[in-house]
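**Student:** Residues per chain are reported as follows:
Number of protein chains: 2
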Amino acid sequence: MAVVRLLVLGMVRLKGRTHGYAVHQELVAWHVETWTRVKPGSIYHALKQLTKEEKLNEVGREPSEEGPGRTLYELTEAGEAEFIQLLESALGSFDLEELGTGVAFMECLPRRRVIEILKDQHRRAMTTRNGLEAMAPKFAHVRDAPHTSDLLSLWSGSLAANASWTRSLIQRLESGAYRMSEG
Amino acid sequence: MAVVRLLVLGMVRLKGRTHGYAVHQELVAWHVETWTRVKPGSIYHALKQLTKEEKLNEVGREPSEEGPGRTLYELTEAGEAEFIQLLESALGSFDLEELGTGVAFMECLPRRRVIEILKDQHRRAMTTRNGLEAMAPKFAHVRDAPHTSDLLSLWSGSLAANASWTRSLIQRLESGAYRMSEG
DNA sequence: GTATATGTAGTCAAGTTTGAATAGTGATCA
DNA sequence: TGATCACTATTCAAACTTGACTACATATAC
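If you're matching them up, the sequences are chains A and B in order. Residue numbers for the first sequence follow the numbering used here, beginning at 1 and rising by one. Residue numbers for the second sequence follow the numbering used here, beginning at 1 and rising by one.
Please note that a few of the clues may not be correct.
A pair holds if it fits inside one copy or across any two, identical chains being indistinguishable in the list.
Each computed DSSO-like pair below joins lysine-lysine, with the alpha-carbon atoms no more than 27 angstroms apart [claimed, not checked]:
id	residue 1	residue 2
1	Lys15	Lys52
2	Lys39	Lys15
3	Lys119	Lys138
4	Lys119	Lys48
5	Lys39	Lys138
6	Lys39	Lys119
7	Lys15	Lys138
8	Lys52	Lys119
9	Lys15	Lys48
10	Lys52	Lys138
Simulated from the structure, these hints should not be mistaken for laboratory data.
Let the hints inform the model, and build the full structure from the sequences given.
**Tutor:** Listed below in structure tokens is the structure:
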């Protein structure tokens, strides 16, 4: 998923120069496991893959006083671009794990940009929800699609709850809450 | 994910003897893409993997009038057991994709069993939600965990919405809605 | 002093997902 | 007729996830 890439890029960006284990520790400190599951193996894979794509540079190994040596990574310019792109796309998603990850890093974007993306996300969520509500009556009598109306209302309710949360976040941002990036 | 395995097992169970393309077609007819994404590649992989685990049997190939030949599969006894287990676990999950998949097949279980599982799921969802609410004040002032209270309220709201939907489904089931499995 | 637990740092194999590619069969149309 | 399009049916490589394992270092208990 894009979630792991965003988390890893974001952490390396935040720390400037770091290693896989530290990324994992920091994610645990952030309690990311409450909104998404990120296993150590995925972190190490992402580090290698992003290095292969030249979004990260491997900048040598560092000995450690409390265990084996560590492999250090740094963000490249391409990595910075990738980070921004993944971040914007995460804030525009209405998948909870992606959205949550985007929110965790939203202060890396300028306030007005975040508001813009969230408003667009809210609009699309409502459009999708209306679409679901509209298709409900059409499938009420289709035998081969089981429990379609229940499933539609499950998704519709979830979208509505998330949209309501997004609305309140937009309000907090518009009233000046949080320290955001300049520029 | 367990979602694909459940969908594939369920479809093969429903059709008695079928092939990958038909499974895909039926999932499209069910509008499964509104609540989860299932690519053809995942279906074919699941068929092969489940066959390797003897949850399915490959029972030969069938020529087709409108294209290449098809590989046919059937459910084994172990497959039936696996289906029931995945189904019960899906109905007990509060991951939307899993829960949705469980609901699509819930009529394969007896009414009282489904109610029992859903009540347990609802109870656990509420417990989780209370846990989230309880941890919110503790992390309000922790600088290194960004936007934790926003993220907690996002999840909390989502859990509440799903729990409310589950409650209403339980009510419909208790008042005798839907044709369910005997036994 | 040595087993044993705990924390640090990472690798690996197996399973899974994804998007693109392959290949057969009619239907349309110039 | 033969070019091209759409539908049928599947395979494949690459990326990604997962759980189990390796290996180093320190503390602690016996």
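**Student:** Each hint: holds or not?
**Tutor:** For each hint, the structure was consulted:
In this assembly of identical chains, the alpha carbons of Lys15 and Lys52 lie at most 27 angstroms apart only when taken from the same copy (20 angstroms versus 45 angstroms across copies). Proximity of Lys39 to Lys15 under the C-alpha cut-off of 27 angstroms is restricted to the intra-copy arrangement: shortest distance 20 angstroms within a copy versus 37 angstroms between copies. In this homomeric assembly, Lys119 and Lys138 never come within 27 angstroms of each other (Cα to Cα): the closest approach is 30 angstroms inside a single copy and 30 angstroms across copies. For a Cα distance limit of 27 angstroms, the shortest separation of Lys119 from Lys48 qualifies neither inside one copy, at 35 angstroms, nor across copies, at 44 angstroms.
With identical chains, the CA atoms of Lys39 and Lys138 are at most 27 angstroms apart between copies only, with a shortest distance of 25 angstroms across copies and 42 angstroms within one. In this assembly of identical chains, Lys39 and Lys119 lie within 27 angstroms of each other by CA distance neither inside one copy nor across copies; the values are 32 angstroms within and 30 angstroms between. In this homomeric assembly, Lys15 and Lys138 come within 27 angstroms of each other (Cα to Cα) only across copies, at 25 angstroms, whereas the closest approach inside a single copy is 52 angstroms. Proximity of Lys52 to Lys119 under the C-alpha cut-off of 27 angstroms is found in neither arrangement, the shortest distances being 35 angstroms within a copy and 48 angstroms between copies.
For the homomeric pair Lys15 and Lys48, the shortest alpha-carbon distance inside one copy (18 angstroms) is at most 27 angstroms, but the shortest distance between copies (44 angstroms) is not. In the homo-oligomer, the alpha carbons of Lys52 and Lys138 never lie at most 27 angstroms apart, since the shortest distance is 49 angstroms inside one protomer and 40 angstroms across protomers.
Taken one by one, the earlier hints fail for this structure at numbers 3, 4, 6, 8, 10, listed in ascending order.
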